[in-house]
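These protein sequences, in sequence, are chains X and F.
Residue numbering for the first sequence follows the numbering used here, beginning at 29 and increasing consecutively.
Residue numbering for the second sequence follows the numbering used here, beginning at 18 and increasing consecutively.
The hints are simulated quantities; they were obtained by calculation from the structure and are not laboratory data.
Where is the CB? At the ideal position from N, CA and C, for every residue including glycine.
Any given hint might turn out to be false.
What the hints assert, rightly or not - Reference listing, derived: stretches of chain X covered by chain F, where coverage requires no fewer than 3 residues with Cβ under 8 Å from a Cβ of chain F:
no. : segment
1   : 74-80
2   : 94-104
3   : 109-115
As the list claims (entries may be wrong) - Some chain F residues close to chain X (C-beta under 8 Å, calculated; not the full set):
no. : residue
4   : ASP29
5   : PHE48
6   : THR86
7   : GLY98
8   : ILE102
Chain by chain, the residues:
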Amino acid sequence: MDNSERIERMHALLNDAFQPSTLEIVDDSHKHAGHEGAKGGGGHFNVTIYSAAFEGKTPIQRHRMVYDALGDMMKSDIHALSIVAKVPEQDS
Amino acid sequence: MDVLERIKQQVDENPVIIYMKGTPQMPQCGFSSRAAQALQGCGIEFAYVNVLGDPEIFENLPRFADWPTFPQIYINGELIGGCDITLEMFQSGDLQKMTKEATAANQQA
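Generate the whole structure from the sequences, applying the supplied hints.
Spelled out as structure tokens, the structure:
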């Protein structure tokens, strides 16, 4: 799987799990290519996700929810994931 | 000793500990580097484990606390998060507060 396929797959999994109002996934792999920590393959991605599902959850719970939704991708396809997970601001 | 027991002992014995790629002086990954810098910015003593130097811990830490990535930061034996959460807490001032309380309590004990 190359990184654009990985992003497509992540979009599908996260949309399914959270019906987010905002979902952005950026491939950040180029910044980390070749360093010692990245030897295992897998991409670096930044995820920004806004969903009502995060209401009342602590940061660690939100991260866990995202990791859980991505499931097996965390084992091989994703080497590192930077996550911003928020509740969408309510319309006033 | 079983590796999970070894990790348990490390997080219990050290009020603040980071499992990272490389060391605070020679980090091998940007995420580990930023998290270690935040801890250094708290002005407290903390322990670290270089997971690249300990393959057994590298393999097993993700299942210890059901957290798939490195770094992992523990305060008082409890996972507080990885790089993103640690930096967020540093920016809000919570990390300084929690680490100071944890290290102070440890010195009295």
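Now the hints, each set against the structure:
no.: 1; hint: 74-80; result: violated (count 0)
no.: 2; hint: 94-104; result: holds (count 3)
no.: 3; hint: 109-115; result: holds (count 4)
no.: 4; hint: ASP29; result: violated, 19 Å
no.: 5; hint: PHE48; result: holds, 6 Å
no.: 6; hint: THR86; result: holds, 6 Å
no.: 7; hint: GLY98; result: holds, 5 Å
no.: 8; hint: ILE102; result: holds, 5 Å
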